[in-house]
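Residue numbers (this note's numbering), protein chains in the order written: chain S, 529 to 646; chain W, 7 to 147.
Simulated from the structure, these hints should not be mistaken for lab results.
Some hints here could point you the wrong way.
[As the list claims (entries may be wrong)] FRET-style restraints, in silico, Cβ to Cβ:
#1 D605/S with P16/W: 34 to 42 Å
#2 A120/W with D544/S: 24 to 32 Å
#3 H60/W with G564/S: 32 to 40 Å
#4 P554/S with P78/W: 37 to 45 Å
#5 G98/W with C608/S: 24 to 32 Å
#6 E19/W with Q588/S: 19 to 27 Å
#7 E632/S with P75/W: 31 to 39 Å
#8 T128/W with K627/S: 20 to 28 Å
This one's a predicted model, so the numbers in the text were calculated from it and none came from an experiment.
Don't be surprised by glycine CBs; every beta carbon is placed ideally from N, CA and C.
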Amino acid sequence: MSDASPTYEDDASILDDADLWRRIPPWHIVDDSNRGGKRISKAAFEDHPDGSPMSVFLGQEVLAAGRDPDSIVASYDEFCLASVTAGLARSLKQGIVRKPRDEEPAHAEVFGKKVSFR
Amino acid sequence: MEAESWLVVPFGEGEFTFEPAPDDWILPLVRQIFELGSLPENWNSYGAQPICPHVAGEAVTFLLNYLSPDDPFPSIVPTARGGILLEWHEGGIDLEVDFQSPSLIHVAFEDGGAEQECDHATLELVEDKLNCLRSRLKQED
């Protein structure tokens, strides 16, 4: 558990191979000559400005509900959808907790200090 | 062609005036920063704040004072808390200068495996890291 988020506890029922989806706005796709192409800026993986942890969608739960990945970005022009595994997030000292919302049952949050979330 | 003696650039509901006008070579970067002034609240779909005009002013001031025409241009990236992140990913170096508020700069520098991060970075530190990038790119020429 992160010092910055003492009230959150990593949900072990979200397995390491679970896909965490996050919308990426066009401003967060940047040039990367080191990789010979583009990369997603770390700015795309910040916590909410109000201090609550970073929002994600549990990919498998979206699919299990019969929804397409495109449904996550359909309302947002030029946005992309990034996917990382819960295991990768945990390897970067993050935790994942389910936070279903009325309008989005597959919503979850990734908590922990995001200094090196690349 | 001689540059105009002054330049007015809109930002959100306000505007910035430059006297004298920035040199032509840096105008694309200046305009990219000021285009961020049109981002509305929630521009990232996760509750992002509009870009702070004072932060934009600091980022532009930094670029005008420390960047030279031969330098690689950074990517200009808005951040959810209303800040501006300048990113260079060249020469095997990753340099990120995050203007989090008018008085708070965070720097991340990675050269191969070695990574350094600094909260409350000084402009001298930023210039030092920029010089590392310049040296690396010069070696590669």
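Taking the hints in turn, this is what the structure says about them:
Separation of D605/S from P16/W is about 22 Å and departs from the stated range, judged on CB atoms against 34 to 42 Å. For the pair A120/W and D544/S, the beta carbons lie near 28 Å from each other, so the given range of 24 to 32 Å is met. In this structure the supplied range 32 to 40 Å holds for H60/W paired with G564/S, their Cβ-Cβ distance being about 36 Å. About 21 Å separates the C-beta atoms of P554/S and P78/W, a value inconsistent with the hinted range of 37 to 45 Å.
A hinted range of 24 to 32 Å for the beta carbons of G98/W and C608/S is consistent with their spacing of about 26 Å. Between E19/W and Q588/S the CB atoms are about 44 Å apart, so this pair departs from the stated range of 19 to 27 Å. Here the CB-CB span from E632/S to P75/W is close to 48 Å, at odds with the stated 31 to 39 Å. Roughly 39 Å separates the CB atoms of T128/W and K627/S, a value that falls outside the hinted 20 to 28 Å.
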